[in-house]
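Protein chains: 2
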Amino acid sequence: MATTATKMEKIVALCRRRGFIFQSSEIYGGINGFWDYGPMGVELKRNIKDAWWHDCVRNPPVGPDGREVQMVGVDCSIIMNPKVWEASGHATGFADPMIDCKTEGCKGRFRADQIGDVPCPLKPSKHPGQFDKCQLTEARQFNLMFESHAGAIADEANKVWLRPETAQGIFANFKNVCDSTRVKIPFGIAQIGKAFRNEINPRNFTFRSREFEQMEIEFFCHDKDSMMWWEFWRDTRINWYQNLGLASDHLRPRNQTDKELAHYSKACTDIEYMFPFSDEPQELEGVAHRGCFDLNAHKEKSGKDLSYFDDETKERFLPTVIEPSAGADRATLAFICEAYTEDPSRPSPELMKFHPRLAPIKAAVFPLVNKDGMPEIGEAIFRELKKHYPVQYDPKASIGKRYARMDEAGTPFCLTIDGQSKEDGTVTVRDRDTGAQSRIDKTRCLEFLREKMGAS
Amino acid sequence: MATTATKMEKIVALCRRRGFIFQSSEIYGGINGFWDYGPMGVELKRNIKDAWWHDCVRNPPVGPDGREVQMVGVDCSIIMNPKVWEASGHATGFADPMIDCKTEGCKGRFRADQIGDVPCPLKPSKHPGQFDKCQLTEARQFNLMFESHAGAIADEANKVWLRPETAQGIFANFKNVCDSTRVKIPFGIAQIGKAFRNEINPRNFTFRSREFEQMEIEFFCHDKDSMMWWEFWRDTRINWYQNLGLASDHLRPRNQTDKELAHYSKACTDIEYMFPFSDEPQELEGVAHRGCFDLNAHKEKSGKDLSYFDDETKERFLPTVIEPSAGADRATLAFICEAYTEDPSRPSPELMKFHPRLAPIKAAVFPLVNKDGMPEIGEAIFRELKKHYPVQYDPKASIGKRYARMDEAGTPFCLTIDGQSKEDGTVTVRDRDTGAQSRIDKTRCLEFLREKMGAS
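Protein sequence lines correspond, in order, to chains V and F. So the first sequence is residues 1 to 456, counted in our numbering. So the second sequence is residues 1001 to 1456, counted in our numbering.
Please keep in mind that the hints were generated in silico from the structure rather than gathered at the bench. All values reported here derive from a predicted model rather than from experimental measurement. Where is the CB? At the ideal position from N, CA and C, for every residue including glycine. Some clues are possibly wrong.
[Unchecked claim] On the chain V side, residues computed to face chain F include the following (Cβ under 7 Å):
hint, residue
1, Arg-18
2, Tyr-28
3, Asn-59
4, Asn-176
5, Ser-302
6, Lys-386
[Stated by the list, open to error] No farther apart than 30 Å at their CA atoms in a straight line, the calculated lysine-lysine pairs in the DSSO-like style are these:
hint, chain 1, residue 1, chain 2, residue 2
7, V, Lys-387, F, Lys-1184
8, F, Lys-1387, V, Lys-353
9, F, Lys-1387, V, Lys-452
10, V, Lys-314, V, Lys-184
This is chain V alone, in the form it adopts within the complex (with noise of 0.2 Å):
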């Protein structure tokens, strides 16, 4: 347990010492599960977030049809009309008395109405309804979405919600992407934005927290062909995490138990992670069959007609739904618990191996010597790659440091002018995580970052 500890309180060090995530406020002391992004977190989950669009929206597999799938976005305000919360249930059944558990190593937060099911996560008590080790509170009751209101006076007519998710968007736009576009289903619909949680307990940095970003797609679906489209989420979404370098013995993919199930899904795969924090892997995504629950509830409160009519089939139903629903803060977490490596031998001893499509910092553009014709060299290809990655150019410093600092960015790549680029006009390229060396032409930079940074 120690050393497991030791490495997040590392991770949580990089990341404030670098400049990926800090405490929001903290000259005012913070305020409790809420954090800020700086300049390298900010970039990376920018490239994040940009990967998803990229590879679900813009350009997503084929599908197990053979067919390109079809996929558009929204993006939806923050603040709805208070009914969408009442019709997702998100207003009423949401609001139960909560029971904390205050032992160190659990901290769990439960509805007291299922406190007999539920096991607790602090071992060795996990057995449901086993809680005799535990230190529990009372019940309290929750404002499980935070309220606000909207206009001078703050009454019940004006009171607002935080959406406590951005699916719900989605289902409230359902027709409106019907009658403005021309997809046909199967087709899905993407948001990402960010959601507001109050019952949340903080807790692991920024795994709780009470503000988060969350990239959904709700998939719109034949009820006959939904288990090979949930099917086709489930792989695709585990393989996104894979390809941008999250080792697959730390994803652990589970199938909801019945018991767990919603009443209206047939199954649900909770895609987790093994995060230095807990010996137990966390959720870093759902991908669920929610049936046509959502859009037959909102059919249901507003009145509308939410259907859909086939015009081959000439049948008209209300299409089943496959929702992968990602954590943006916490995929970010998740890619830099991988990324952390130590490694003592180095001139750096912690590095960040992101991926080259995720790295903050795409290369760095080093003069060895900062005389002699090759800084004007390094700030040629310097001013030509940053119109189309983020690039940093160094000129002080030895060389070793220069490195170093770059690994613990997570760089990918430095390109050294040295005493040779005059004569023939290569550079030479450092790949961060073996330390190798090779040369290329001065003019092939972009090109090769482009290579390395495949689709974008």
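Given chain V, put chain F in place with the hints provided.
This is chain F only, laid out in the frame that chain V set:
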């Protein structure tokens, strides 16, 4: 007046019909002051934000001192420690009684204590304090920030606000950024994110919304250089809008008068734009000289030393701040209004002339007829392009109808595979704005788009 109103109505209708912008929660009757971006709108707004991030953070122009401009980003939480808003003055200074004008064509909202000093926007009574032609409400107390509570119990102790601007997150992180990066003054910190204002009187489509997104820069410099940097950012930002397509005669930079300027400010230019909904130019962005007002306020309130130490001059000082503060939704609306073009002589009487960098769809690929080997060539081109850019493939309907559909969505290029394609391997490229066609080799499509897209 009738024609301008009609043009705006047509734009609003096209935005809904083609999936640019929907009313939030439309199936529940909407919610005043909140809007959703549909499949086209989300791509357009993403492109605008990405262009801003690229042009301001990753690849800003060379500075007025002839050197690279140093820029980094942050991404802060929407809910911060409430002391941030006490320091900034938002918690106290903004909570003023407001008076609404109910007159058609005005509908302004004014601070009750300033009603004698401000002009009524309704012509012809455009003189300070002359409200004799207006229907004014009683003064009402507004909740100017959206208020909420973090945690189980909603009391004063856990009151929080939704940020009314992204700027304060930057100031609160100034020291963290200095400590975690190697930026030296002059440098800037940029942020894109949502903000919320409750006193907003929603009107003019998305122009005045209660939830909106900002793109803000706080540029920290030495006071002696501050006017030079203010001019640099003012010109850089005006050029940015022009380079992306806003006509120079629709852009109206306006220097604030001495009376308008905040007491700590030496200069401020409002970059205004002639929207079709008004005869008066409306603010897109403010480029303000803010002195060291904000850092000083946080220094006082937090008790933390936020001064900067200059290694070279050995001087310690609070930096002066230049703030280019833009609205992402307002920029999106301006680019939509500018792009909107009526041309009854074309198959699509309405078309959207978006700059290629901003267009939601960069290119469409059409086989002239859906047989004779044309679909195979078209699909191959489509599959190659979609790895890099949002593109669409459409094999059906008459070619004129397909062009028209793309014109309305603002797609700059249509690539058509015709009989000649099989013989010489070329395809036609049709230019949206001129309708002119030329031929390029089918292997050059990606290169062609890259050239047209410029930086990205």
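If any of the earlier hints don't hold here, list their numbers in rising order. none
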